[in-house]
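*Asks:* In order, the protein sequence lines correspond to chains U and P.
Numbering-wise (our numbering), the first sequence opens with residue 1 and increments by one.
Numbering-wise (our numbering), the second sequence opens with residue 1 and increments by one.
These are computed hints drawn from the structure, not numbers from a lab.
Treat the hints with caution; some may be incorrect.
[Unchecked claim] Simulated crosslink set (DMTMM-like; lysine to aspartate or glutamate; CA at most 25 angstroms straight-line):
| no. | chain 1 | residue 1 | chain 2 | residue 2 |
| --- | --- | --- | --- | --- |
| 1 | U | 24 | U | 155 |
| 2 | U | 34 | P | 348 |
| 3 | U | 24 | P | 286 |
| 4 | U | 35 | P | 286 |
[Claimed, not checked] Cβ-to-Cβ under 10 angstroms is the rule here; a few derived chain U residues that face chain P:
| no. | residue |
| --- | --- |
| 5 | 54 |
| 6 | 81 |
| 7 | 132 |
| 8 | 134 |
[As the list claims (entries may be wrong)] Now the in silico label distances, taken between C-beta atoms and shown as ranges:
| no. | chain 1 | residue 1 | chain 2 | residue 2 | range |
| --- | --- | --- | --- | --- | --- |
| 9 | U | 50 | P | 449 | 54 to 64 angstroms |
| 10 | P | 449 | U | 74 | 33 to 43 angstroms |
| 11 | P | 235 | U | 50 | 25 to 35 angstroms |
| 12 | U | 146 | P | 11 | 36 to 46 angstroms |
| 13 | U | 2 | P | 335 | 35 to 45 angstroms |
| 14 | U | 2 | P | 199 | 55 to 65 angstroms |
| 15 | U | 210 | P | 11 | 57 to 67 angstroms |
| 16 | U | 156 | P | 334 | 51 to 61 angstroms |
Predicted model, so just to flag it, every value in this text is computed and none were measured.
Glycine is no exception: its CB is placed at the ideal position from the N, C-alpha and C atoms.
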Amino acid sequence: MANKNILLIEPGYKNKYPPLGLMKIAQYHGPRGKKDNVKFIKGEDRTVLLTAWDRIYVTTLFSFEFQRISQSIDFALYAANGHAEKVFVGGIAASLMHDRFLAEPRWRGIRFIKGLLGQSPAVSLQLDDFAEELYSDDLLGAPIEDLIPDYSILDQISYRYPVNDAYFAYASRGCIRKCSFCGVPKLEGDQRDVAPLTLIIRGVDELYGVKKDLTLMDNNIVASPRFKEIIAEIRDLGFVPNAKLSRGRVPVQRRVDFNQGVDARILCKDPMYLRELSTICLKPLRIAFDHWGLRKPYDQAIRYAHEFGLHELSNYMLYNFHDTPSDLYARMNLNVELNEQLGIRIWSFPMRYQPTDLPTRSHIGEKWTRYQLRSMQIILQATHGVVSGAPEFFKRAFGADEASFHDLLLWPHKFIFNRDWFDKSGGQAEFDDFKSKFARIPDSERTELLLMLSSSDPRHFKHLPEKTKSRQLRELLMFYIPLAKEEEVEIWRRQRSSPDAEVPDDERVEDAGLLDNILEFPVATKNTANAGRLVQV
Amino acid sequence: MSASLVTLHTSETPWAYREKSIVVGKDILEVLSSAMYVDPLAIYREYIQNAADAIDEARSSGVLTPNAAGTVDIEIDLDKRSVMIRDNGIGVPAEQFEARMTSFGASAKRGTNARGFRGVGRLSGLAYCQELVFRSRSAGEAVVSELRWDCRKAKTLLRSADFSGDLAAVVAQSVQVRQVDGKKWPEHFFEVDMRGVPRLRNDWLLNPTVIETYLSQVAPLPFTPKFRFSDDISALLKGHLGLTNVTLKIAGNSDSVFRPHRDSFETTGGLDAFQELQPIQIPGYDGGTAAVGWILHHGYKGAVPSSSLKGLRLRSGNIQVGGNGLLEDLFTETRFNSWCVGEIHIVDSRIIPNGRRDHYEQNVHYTNLINQLSPIAREISTRCRQSSIRRNWLRQFEQQRDHIKRDLAIMKQGSLSLPERTVFAGRVEQTIHAMETALTKDALKQQASTLTPVLAKLRRDFGRISANKRKAKVLEALSPQSRRAYEQVFALLYECSPDKTGTKLLVDQMLARLARHLKKKS
Numbered sequence: 001m002a003n004k005n006i007l008l009i010e011p012g013y014k015n016k017y018p019p020l021g022l023m024k025i026a027q028y029h030g031p032r033g034k035k036d037n038v039k040f041i042k043g044e045d046r047t048v049l050l051t052a053w054d055r056i057y058v059t060t061l062f063s064f065e066f067q068r069i070s071q072s073i074d075f076a077l078y079a080a081n082g083h084a085e086k087v088f089v090g091g092i093a094a095s096l097m098h099d100r101f102l103a104e105p106r107w108r109g110i111r112f113i114k115g116l117l118g119q120s121p122a123v124s125l126q127l128d129d130f131a132e133e134l135y136s137d138d139l140l141g142a143p144i145e146d147l148i149p150d151y152s153i154l155d156q157i158s159y160r161y162p163v164n165d166a167y168f169a170y171a172s173r174g175c176i177r178k179c180s181f182c183g184v185p186k187l188e189g190d191q192r193d194v195a196p197l198t199l200i201i202r203g204v205d206e207l208y209g210v211k212k213d214l215t216l217m218d219n220n221i222v223a224s225p226r227f228k229e230i231i232a233e234i235r236d237l238g239f240v241p242n243a244k245l246s247r248g249r250v251p252v253q254r255r256v257d258f259n260q261g262v263d264a265r266i267l268c269k270d271p272m273y274l275r276e277l278s279t280i281c282l283k284p285l286r287i288a289f290d291h292w293g294l295r296k297p298y299d300q301a302i303r304y305a306h307e308f309g310l311h312e313l314s315n316y317m318l319y320n321f322h323d324t325p326s327d328l329y330a331r332m333n334l335n336v337e338l339n340e341q342l343g344i345r346i347w348s349f350p351m352r353y354q355p356t357d358l359p360t361r362s363h364i365g366e367k368w369t370r371y372q373l374r375s376m377q378i379i380l381q382a383t384h385g386v387v388s389g390a391p392e393f394f395k396r397a398f399g400a401d402e403a404s405f406h407d408l409l410l411w412p413h414k415f416i417f418n419r420d421w422f423d424k425s426g427g428q429a430e431f432d433d434f435k436s437k438f439a440r441i442p443d444s445e446r447t448e449l450l451l452m453l454s455s456s457d458p459r460h461f462k463h464l465p466e467k468t469k470s471r472q473l474r475e476l477l478m479f480y481i482p483l484a485k486e487e488e489v490e491i492w493r494r495q496r497s498s499p500d501a502e503v504p505d506d507e508r509v510e511d512a513g514l515l516d517n518i519l520e521f522p523v524a525t526k527n528t529a530n531a532g533r534l535v536q537v
Numbered sequence: 001m002s003a004s005l006v007t008l009h010t011s012e013t014p015w016a017y018r019e020k021s022i023v024v025g026k027d028i029l030e031v032l033s034s035a036m037y038v039d040p041l042a043i044y045r046e047y048i049q050n051a052a053d054a055i056d057e058a059r060s061s062g063v064l065t066p067n068a069a070g071t072v073d074i075e076i077d078l079d080k081r082s083v084m085i086r087d088n089g090i091g092v093p094a095e096q097f098e099a100r101m102t103s104f105g106a107s108a109k110r111g112t113n114a115r116g117f118r119g120v121g122r123l124s125g126l127a128y129c130q131e132l133v134f135r136s137r138s139a140g141e142a143v144v145s146e147l148r149w150d151c152r153k154a155k156t157l158l159r160s161a162d163f164s165g166d167l168a169a170v171v172a173q174s175v176q177v178r179q180v181d182g183k184k185w186p187e188h189f190f191e192v193d194m195r196g197v198p199r200l201r202n203d204w205l206l207n208p209t210v211i212e213t214y215l216s217q218v219a220p221l222p223f224t225p226k227f228r229f230s231d232d233i234s235a236l237l238k239g240h241l242g243l244t245n246v247t248l249k250i251a252g253n254s255d256s257v258f259r260p261h262r263d264s265f266e267t268t269g270g271l272d273a274f275q276e277l278q279p280i281q282i283p284g285y286d287g288g289t290a291a292v293g294w295i296l297h298h299g300y301k302g303a304v305p306s307s308s309l310k311g312l313r314l315r316s317g318n319i320q321v322g323g324n325g326l327l328e329d330l331f332t333e334t335r336f337n338s339w340c341v342g343e344i345h346i347v348d349s350r351i352i353p354n355g356r357r358d359h360y361e362q363n364v365h366y367t368n369l370i371n372q373l374s375p376i377a378r379e380i381s382t383r384c385r386q387s388s389i390r391r392n393w394l395r396q397f398e399q400q401r402d403h404i405k406r407d408l409a410i411m412k413q414g415s416l417s418l419p420e421r422t423v424f425a426g427r428v429e430q431t432i433h434a435m436e437t438a439l440t441k442d443a444l445k446q447q448a449s450t451l452t453p454v455l456a457k458l459r460r461d462f463g464r465i466s467a468n469k470r471k472a473k474v475l476e477a478l479s480p481q482s483r484r485a486y487e488q489v490f491a492l493l494y495e496c497s498p499d500k501t502g503t504k505l506l507v508d509q510m511l512a513r514l515a516r517h518l519k520k521k522s
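The whole structure should be built from the sequences, with the hints applied where relevant.
*Replies:* In structure tokens:
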């Protein structure tokens with residue numbers, strides 16, 4: 001039929017990787033496929049309203065971006081003049097929160113696709129041939145999932161993905177585990193093999209030119225029975241240690257990244273795994289350290305890594321799930337110790353847990369409080385989301401021991417945020433005053449303080465002193481009243497900017513949400529409900 | 001074959017096609033007549049559509065020469081309360097007449113180029129008269145065939161609880177036929193003769209003005225030759241629409257009826273004129289052309305109140321489908337549809353008007369058409385909004401020009417002290433600057449060529465007047481002390497008065513009076 005107008009929309013959130021699904025759909029409709037006119041936009045680009053679209057695809061990523069996603073779906077529906085049958089929404093959020101999308105009355109008629117487009121296009125997209133829908137006769141075509149992603153659409157938008165000069169691929173899909181915090185079991189199901197990497201990479205080379213890196217989004221590569229073959233294939237593709245790519249004048253270092261991390265519980269069983277991984281230009285090695293219970297396998301895995309010369313690690317640390325702040329501290333601290341002991345460099349990337357079907361980032365774990373999560377957020381903002389492995393940096397940012405970490409999480413945020421100013425500059429007197437008062441309060445009042453702070457928006461902290469009978473607590477609460485804007489600006493002006501560990505963008509945690517206005521009120525959770533009652537007494 | 005598959009097959013009772021005949025009850029007649037045509041005027045559309053098809057057929061078969069006009073005459077007799085609609089088309093041959101006039105939903109036109117194809121439009125008159133006669137003659141025949149519906153009788157039968165006959169029984173009891181000598185009749189024609197027409201609203205069905213207003217929009221009629229875009233539009237559509245226009249005359253009027261478009265027209269923002277013809281071609285769902293059409297752009301001063309003109313409309317076979325609001329949902333604000341004047345002619349035969357011709361059958365081809373039209377509607381919305389912005393700018397521009405002229409006149413008067421003058425000059429400078437900035441705006445692009453010289457002249461005047469700091473003669477003649485006193489009073493007057501133009505006149509008079517006093521004294 002050809003020459004149809006196809007619009008691809010990625011909501012206007014910030015994300016790290018290009019939308020692979022849309023790129024494959026672009027391949028399906030594009031010059032090597034149906035020969036349609038494909039237009040890709042990010043966010044709501046109103047110029048597309050001057051074209052009549054025959055089909056609109058919207059991708060979705062994080063479920064907590066529900067707001068932005070909704071905006072894009074509404075826009076798509078508007079661009080389709082309310083013809084919902086032209087609009088298709090797929091991707092991670094659409095799969096994980098499928099029912100929530102379906103339940104929205106204004107989106108009736110839109111097709112929300114769950115999971116992958118793994119069958120023929122007409123079947124995967126639920127096209128209706130009785131209604132003569134576009135390409136509803138494509139019952140035998142290759143699954144869109146298996147197509148080479150069309151990199152050329154990325155030039156149509158001004159947004160630049162932090163990771164773009166890379167092959168994006170899967171050597172396996174699914175996962176052997178069923179971790180309750182993870183969306184993969186719902187999205188992809190059981191672990192299985194997929195089409196050979198070489199096919200995809202050669203395809204991309206031919207159509208869009210050679211890419212520098214290989215980003216493999218496998219959920220658990222080491223669980224694959226083909227693990228050794230896959231590593232061999234990666235080697236054959238040229239991604240061996242110190243591999244360089246000569247495209248321009250200066251050859252550039254190539255690297256392989258299993259960006260979803262690898263499983264310590266398997267790595268610790270046999271040194272073979274890390275020996276194999278050390279034969280490719282893996283950088284960084286990412287080993288998930290989701291709770292303290294994994295300490296032994298994790299420790300073992302790191303030691304194997306060290307043994308085979310894998311010295312640069314960036315490890316994910318889930319928190320705000322079933323863990324406690326102490327658990328998180330112990331894990332971060334273990335990394336520092338391992339760094340010192342083995343002379344390696346492990347960066348910790350704490351990742352705050354959110355249920356995969358919650359449309360906001362408001363979840364508060366059973367052993368955390370809102371105030372502590374905010375504190376953690378502010379510390380991480382200062383370190384750009386990374387926990388340095390250097391002992392002196394770590395101890396300053398997170399406390400010298402578990403008790404001081406707990407103290408730190410309870411400090412007024414202005415002290416954390418403007419650390420230098422209060423530590424050794426103009427704010428020193430106030431800070432010292434606070435510390436001495438803080439040290440004197442009994443544990444019971446400490447708990448009350450934490451609950452009070454977690455029960456209120458910082459804008460209302462000024463009213464908290466009225467709500468307690470304890471004189472000590474009243475005095476202490478005065479420190480928590482946020483700085484006025486001008487005061488803060490003045491502090492920033494006087495403060496020298498402290499150099500942080502330079503972490504490349506492509507190594508950062510994608511959804512750290514450091515810039516989000518997190519944990520806004522009102523959110524009903526068990527903790528806040530209790531806290532609210534306490535405050536009212 | 002496995003055992004489980006066999007059980008699966010036998011567990012379901014098979015379906016069978018039935019063999020008994022079905023009943024077509026009498027009520028179907030009501031469904032096909034009064035229920036189909038809610039707007040009584042629609043019966044004129046139905047009969048003209050049949051007339052136009054008959055004329056096309058007459059032309060293609062050579063009965064009507066290429067140069068001969070295809071005519072439709074509507075004659076009204078108020079005394080008899082009757083109306084007659086006659087065309088000079090192909091007519092119906094005597095041997096087919098009765099069968100064709102008494103068939104229901106069995107048109108032979110389906111699959112041809114003809115506008116109608118369902119074979120029910122003929123029944124539209126049934127609900128709106130007491131007696132409905134069809135009369136026709138085809139070329140070369142000696143007789144005229146006639147068929148008469150006794151609508152009163154039919155209605156009674158339909159309403160009667162005692163009458164249990166089916167559709168055929170109703171026809172048998174209320175329809176009569178005959179053949180008459182063709183001597184007094186035209187060579188070939190078809191005629192609908194409605195008698196005993198009821199008075200609806202302001203006698204719509206027998207009101208020539210109402211009928212003309214309606215048919216001028218709906219029927220396949222030519223544009224008036226006086227209309228500027230008449231030829232352009234015809235040229236635009238020519239290659240795509242094979243169907244011809246008809247010459248329509250109503251109630252003995254010697255002038256035939258034209259489409260309602262004229263060069264200029266009223267809008268809610270005053271008289272406006274068409275300026276630009278935008279041709280439109282809509283690609284088909286799977287190639288080819290779905291529709292062609294045009295939009296006439298004007299000044300977009302406001303909505304077009306005339307219901308004959310306004311709206312983006314759809315036509316099939318050059319006959320309008322639906323009303324002027326059929327496409328209003330396409331506009332960002334539905335009201336902008338009434339700012340728009342345009343028509344889209346369906347070319348793709350798979351975009352099919354529904355039985356009532358008030359909308360289209362919903363299928364991919366129609367959906368594609370609507371989809372392709374939406375950016376066009378959005379663009380018109382933008383024009384409407386921009387025009388409204390432009391009018392605001394122009395209004396402000398004029399207001400500011402008047403203020404500057406007034407302030408310059410006051411400065412020229414020489415009644416103010418130097419600091420006061422500077423205040424005035426500052427204000428003028430500011431206003432001129434604001435106007436210059438406004439002129440660079442997109443909304444005023446078209447007006448820039450006329451407004452720029454106006455503004456340039458203001459600037460020149462301002463330069464000249466502010467350079468000349470001379471005081472009014474009479475003030476020069478006063479002692480510095482009393483001059484300052486007067487200047488202060490004048491400044492106060494200008495400051496306190498809400499009407500500076502009036503104040504200037506007052507100060508002019510005061511200066512003149514003062515001059516006279518001084519003259520007398522000396």
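*Asks:* Compare the structure with the hints numbered earlier in the document and write down the numbers of the violated ones, lowest to highest.
*Replies:* 9, 16
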